[in-house]
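K.L.:
Here is what each chain is made of, one letter per residue.
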Amino acid sequence: MIAIQIQREAFDPGALQADLEALGGGGVATFTGVVRGEGGLSELVLEHHAAMTTKAVRAIADRAAARWTLLGLTIVHRHGSLVPGDRIVFVGVAARHRGPALEACAFLIDWLKTHAPFWKRETFADGTTRWVEPRAEDDAAAARWGG
Amino acid sequence: MIAIQIQREAFDPGALQADLEALGGGGVATFTGVVRGEGGLSELVLEHHAAMTTKAVRAIADRAAARWTLLGLTIVHRHGSLVPGDRIVFVGVAARHRGPALEACAFLIDWLKTHAPFWKRETFADGTTRWVEPRAEDDAAAARWGG
Amino acid sequence: MALDILYFAWVRETIGRDQEQVDPPASVETVADLIEWLSQRSPAHAEALADRQRLRAAVDHTFADPAAPIAGAREIALFPPVTGG
Amino acid sequence: MALDILYFAWVRETIGRDQEQVDPPASVETVADLIEWLSQRSPAHAEALADRQRLRAAVDHTFADPAAPIAGAREIALFPPVTGG
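Chains as they are written, first to last, in the numbering used here: chain A, 1 to 147; chain B, 1 to 147; chain C, 1 to 85; chain D, 1 to 85.
Next up, chain A with everything else stripped away, as it sits in the complex (with noise of 0.2 Å):
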């Protein structure tokens, strides 16, 4: 069971988690990244492919489902303007048990990271603006999935 939400609106790990345990698994590994307020952030804008997001996403989650014994798997990806505290993506995972939940979560924010048409504008209390570079630890990170 894959659902995928690619959404301005804010979203409830809680509700999310809740659909995922009531799979029957023996466990639900999740991810939620949140906006840091790091260095006077006041907005994160997330701008995106809006036509092939969802697709790229689903590749993604494919993948995973073919890797892993899986019951389910969510994940929820928001674009627009965020500030801090804000959560901007969940990764839920729902497994037998916990070994495959808790690498196909990794695997999936991982991904997501290095796979995903999103990109992140910040914008800083003096006003000024700068595109997030992506971090050579990312691509490490997903590197290690193998292609």
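Because the hints were derived from the structure by calculation, they are not lab data.
Each hint should be verified, as a subset may be incorrect.
What the hints assert, rightly or not - Pulled a few chain A residues facing chain C out of the computed Cβ check, cut under 10 Å: (1) E43; (2) E47; (3) H48; (4) M52; (5) K55; (6) D62; (7) H77; (8) I88; (9) T114; (10) A116; (11) W119; (12) P134; (13) R135; (14) D138; (15) A143; (16) R144.
Glycine is no exception: its CB is placed at the ideal position from the N, C-alpha and C atoms.
We have chain A already, so just place chains B, C and D on it with the hints.
P.N.:
Here is chains B, C and D on its own, set in the frame of chain A:
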């Protein structure tokens, strides 16, 4: 910030997660273990060494806090009588970046399985009972983090 | 044949528009060829597309290498490395 | 010296009690010695403690190997491998 609760009562992962998000990190990773209703299971009783449990779980948490740079770490483990669908355990980790959060979360649940004084007794619909045997995979999962 | 070009993030900002329709000659066969051809359209295009190492592309909503052919494509998106998650 | 022995899970069920106080002789120096000594207390003890490979121990709330000394300990718990999480 390490929070440990060993309790009979149910808990709310959404509330626990929200507390971790409030610490200002970029990511929160969680794992929630749930009682599976397989094979006609009607009850799962978790026995524990009450005087020792919190100390043992604290030792596991301290190990994680020493190994990874974390903002917060929450462990809730239930004991007593549970039924299929009930949550058993929650592990949540907040960190500045996702890597430490995901790794520490996996470490904590692996070690709780093998280094905390809990024992599970299953009761089935036909009235038979059985103590859960340790799984070789659990020992292997714990061993990959080193001693 | 008309081709929709989409720009994102600082590529979009530098070019000053988020999309345009173009009709490249037959000699433009790959994503790399297209980037080279587009960069000659204006100084802004040239600036936005100058650093090929920092450019990524998607052909009809699938990520594509510079060597990927564009024959038959309807939409090509050009953008910096993604930073989602 | 009086020593509290705690039993858990099927060790507890087989012995039929969850704790007892004992006063082993000085020759009982390690966890393994204690298990051997306790197993002579009753047929139920013997049965519960027969399979040493399936027994684990904690000395004063810290997991301990069979070779761990028990001198000065106040409480020793005996139980099967843990299955929490």
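K.L.:
Would you mind marking each hint as holding or not holding in the structure?
P.N.:
Here's how the hints hold up against the structure:
no.: 1; hint: E43; in the structure: 15 Å, violated
no.: 2; hint: E47; in the structure: 6 Å, holds
no.: 3; hint: H48; in the structure: 7 Å, holds
no.: 4; hint: M52; in the structure: 4 Å, holds
no.: 5; hint: K55; in the structure: 5 Å, holds
no.: 6; hint: D62; in the structure: 14 Å, violated
no.: 7; hint: H77; in the structure: 7 Å, holds
no.: 8; hint: I88; in the structure: 7 Å, holds
no.: 9; hint: T114; in the structure: 7 Å, holds
no.: 10; hint: A116; in the structure: 4 Å, holds
no.: 11; hint: W119; in the structure: 4 Å, holds
no.: 12; hint: P134; in the structure: 4 Å, holds
no.: 13; hint: R135; in the structure: 8 Å, holds
no.: 14; hint: D138; in the structure: 8 Å, holds
no.: 15; hint: A143; in the structure: 14 Å, violated
no.: 16; hint: R144; in the structure: 15 Å, violated
Checked against the numbered hints listed earlier, the structure breaks hints 1, 6, 15, 16; every other hint is satisfied.
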